[in-house]
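Participant: The chain contents come next:
2 protein chains.
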Amino acid sequence: MPLRMSTLFVRTLREEPADAELPGHTALLRAGYIRRAGTGLHTWLPLGHRVYRRVEQVVREEMDAIGAQEVHFPALLPKEPYQATGRWEEYGDNLFRLRDRRDNDYLLAPTHEEVFTLLVKDLYASYKDLPVSLYQIQTKYRDEARPRAGLLRGREFVMKDSYSFDVDDAGLEASYDAHRGAYVRIFERLGIPFVIVEAMSGAMGGSRSEEFLAPTPVGEDTFVRSPGGYAANVEAVTTPVPPALPFDDAPAAHVEDTPATPTIETLVAFANEHHPRPDRPWRPADTLKNVVVMLTHPDGSREPLVVGVPGDRDVDAKRLAAQLEPAEVAVFDDDDFAAHPHLVKGYLGPQILGAASETSIRYLVDPRVVTGTRWLTGANAEGHHVFDLVCGRDFTPDGVIEAAEVRDGDPAPDGSGPLELARGIEIGHIFQLGRKYAEALDLKVLDEHGKLVTVTMGSYGIGVSRIVAAIAEACVDDLGLCWPAPIAPARVHLVAAGKGEEINDTAERLAAELEAAGIEVLLDDRPRVSPGVKFKDAELLGMPKILVVGKRLADGVVEVRDRASGEREDVAVDAVVGHLVADASPAPR
Amino acid sequence: MPLRMSTLFVRTLREEPADAELPGHTALLRAGYIRRAGTGLHTWLPLGHRVYRRVEQVVREEMDAIGAQEVHFPALLPKEPYQATGRWEEYGDNLFRLRDRRDNDYLLAPTHEEVFTLLVKDLYASYKDLPVSLYQIQTKYRDEARPRAGLLRGREFVMKDSYSFDVDDAGLEASYDAHRGAYVRIFERLGIPFVIVEAMSGAMGGSRSEEFLAPTPVGEDTFVRSPGGYAANVEAVTTPVPPALPFDDAPAAHVEDTPATPTIETLVAFANEHHPRPDRPWRPADTLKNVVVMLTHPDGSREPLVVGVPGDRDVDAKRLAAQLEPAEVAVFDDDDFAAHPHLVKGYLGPQILGAASETSIRYLVDPRVVTGTRWLTGANAEGHHVFDLVCGRDFTPDGVIEAAEVRDGDPAPDGSGPLELARGIEIGHIFQLGRKYAEALDLKVLDEHGKLVTVTMGSYGIGVSRIVAAIAEACVDDLGLCWPAPIAPARVHLVAAGKGEEINDTAERLAAELEAAGIEVLLDDRPRVSPGVKFKDAELLGMPKILVVGKRLADGVVEVRDRASGEREDVAVDAVVGHLVADASPAPR
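Quick mapping for you: the protein sequence lines, in order, are chains W and Z.
Everything in the first sequence is counted per numbering that gives the first Met the number 0, starting at 0 for the first residue and increasing by one.
Everything in the second sequence is counted per numbering that gives the first Met the number 0, starting at 0 for the first residue and increasing by one.
The hints are simulated quantities; they were obtained by calculation from the structure and are not laboratory data.
Some hints here could point you the wrong way.
A pair holds if it fits inside one copy or across any two, identical chains being indistinguishable in the list.
Claimed, not checked - Listed next, the in silico DMTMM-like pairs over lysine to aspartate or glutamate satisfying Cα-Cα at most 20 Å (straight line):
| id | residue 1 | residue 2 |
| --- | --- | --- |
| 1 | 78 | 404 |
| 2 | 317 | 92 |
| 3 | 317 | 197 |
| 4 | 78 | 99 |
Build out the structure end to end from the sequences listed, making use of the hints.
Facilitator: Set out below in structure tokens:
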């Protein structure tokens, strides 16, 4: 049976709704696919739910095809397993916590590593039981600080999360590759453009991690690509480390009076005027910019941290935060400066920094700050800077951190050429967890020698509801939505355009014939709606093909429009079913 | 591809698990269909999830078939709509409440009347838009005081809830009937025995309500049936009202000294000894038992209530509670008696009760307490009772309440014969809500005369996860589970019983041929497991047919067992695929 606009629970909106944020999101709201239900909460209307279910089905089929087995956990879980791994605290405000009538602590799970680990521990005991991959398609909860564009970053959303369990690293590698292959097939079948980028393995201690991103200018994630094929999330980009330099001939460091030079620009200008270099002018890259932040660790303890980067670059807050997880990074405010009088705002220098220094404040530097490099930097006194401060001679950082911004044109770490920056929406993430969770929750099996070994795990996520949003953003145009055929609510939007029984009867007949031929139809059979409104709605709703039965029916002709290209074609009414069937027959794009 | 026991994520348990409560529940745990995840929380393992998904699919298809449209709301919802209808408070401890990072109040929805009402209000404005029926298959939360048997009454569970919206009562009646028909088809297709019983329309103000119960001695709901076809939930049973009696000739009421008679038994014995009736002995039914309880209303106010029933019957706590909803009923404790010195424990009588009396304590009586009936009852003084107290002469109740227990043999209210009591599990509930929610949330549409009219609603629920539990309880036997074919994880459990390549190869070949013929197979291909263990597992797991490829293969014979009946049949190996296909071809039972 065709869907019918006359009875479908949908109302299109001419105006942009107040809560619209992005073009695809606006179109989903205007076309009546979703509705806002609260901050970071949305309701699927019938058309949207149809798309959602199609995405879910493709994900399920491809997971089943790699032998992953579907289970289903509650979203509401007791606190204890998450306490055992520390995530009850680490998640901070992002976790929805609640109490039951007996005052026991529960959470709405943001992800399920703990309980999957415990389930396998519960059932399995031997290497013979492994490998196993389990998945669920399930509702997750995160109390996001900044929910975005309905489905894109919601507080309640659906994820397919799977977990692999292997007895050794080679097994994990194989499970990881199987998931990677399944994800490629899923996104190809869905017709969503994607790139695979290296991602942070992060504080979880895993060894390999990749993200699947749908490229779009409205994406929240920044990634880089090189002509030679390198691709990485910007948080994961590593900086090529230059060789150490000899510094035997370097002059001794000397502090100079540099009044009113709190910024790199003012400092470089002052240095060029009062202390010019013999070889070339001072440049921002000759300066060492030291940025102090306040870290809060999961246990609540606080610690200042200074990060040193070449002065021509800013610290990238997201890269910095990713490196320091699960600690949270905050601005070092006036109260913090007051509590640390050694730190002179605008004139921070490494001479007094480092675990071994008088302040014992941790000091991490950009990978470009190698031994032998000479810097113009703060002298820890208002209006004073130090020249020719040599790394490895005059100061010793506590380590290296990837916190400097990445720029168009920076070299790829693998030598594959200059990087180009782009944006995308994260639609999948695959991750070698390793043994972190198995160790925390004591998941061991007997190996072939009868020895207990800790299981190694992978974790693999796809944002099922987010994919609908990502496809909407990827496929939206000025007229509205434009779905890839495999997930469109129907393949053909059949418009009965005009009055008269013949038009209606023909539209009804064609709808029935198309459905009988396996082509799903959304039939606009609304009796008192003008052709103009129907065309606008058809464009907004975004079925791949629009079939118009109108005035030219008198000549035996109907019109087929391709929603994506806008191409129009007159087809004999008797041939149009065959025409549309033939069009649908090739493999979905 | 067949399911394979060698890789399936399942471990059967020989022992009864500690958390097992009922036979079907025990079998679901032992067979590895579900696993406990916390109080009132469970995890679906692969076999269980397969059954669950089949139930879900049948429900979805039948809802679609009556033109209901699927949507999906969040489970996490802001408090405001539930405050508007009073349910934020009324739900009491049963509601999971939580706060987000901005300290706003949220709930995990136990049911979604409010937001469906608001959604229709949002999109629709005219009688031309109606009728519409919307549904969702969605996870619900209730902080049950006493969760039971895993899936049977959980704190997180899946419901199909639908809501109909009509412009008038005739429309509601038609929507209700359509849902009723769909429910009948759903339960028939699932192969679950069921009865339809009248249910309480309750405090919600609706006019018609029926429950679908799966009869089983372990059910929580009590219902009644008569030989003439009457069926009702025990809460909904109404008592035939006897005609009023003349009382002109009745003697005046007289108080007698009745020491040490706090119970009906002691009172009747005392009366027969000291104040014998001329016509026959005193019977418990001649006494009027007055039970005082404390009501707590949703607004927190408290009020004593006295209920009078013939002394041969107890007050049924569930019937009483159902009548008084949303107020909560509590025991009248010693403190309450102390605060109400007029009420003498064990000697309560109606003379001082009623809104118009000196105490103004509300007094409701059983329908059998009609005008002219004469009672032996408490005299509101320790050790004293009153004889010949006539209803309508000596006391006037404030109204009638259906709170007395219903007994086997009581007459059906429609005259269709004596009632028989039985137990069942509620698997569906259909309900004419009427205009309560539409009024509270102002859902109006313009009628054909351009006048605003309030929409009338129905609400229809099916416990999708509970159905799996109900079927397990209905079909379990001493050996384990025994699924109806339409929802079994596979139709055939194929046991390769014995060693030798020929047995394994034949089992593999038959599995492949059966799957190719559309018969789903669970293949027990475990290499180091004995036939005895495999048979036990096959019986426990409960596929409708067990196909044994064993020693008799040498004679060209395999065995087909029917799990439900236990019948065994030898079939030629070359004929067995055709045999099983033919068996599966008739409509599912």
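Participant: Checking each numbered hint in turn, tell me which of them this model violates, lowest number first.
Facilitator: 1
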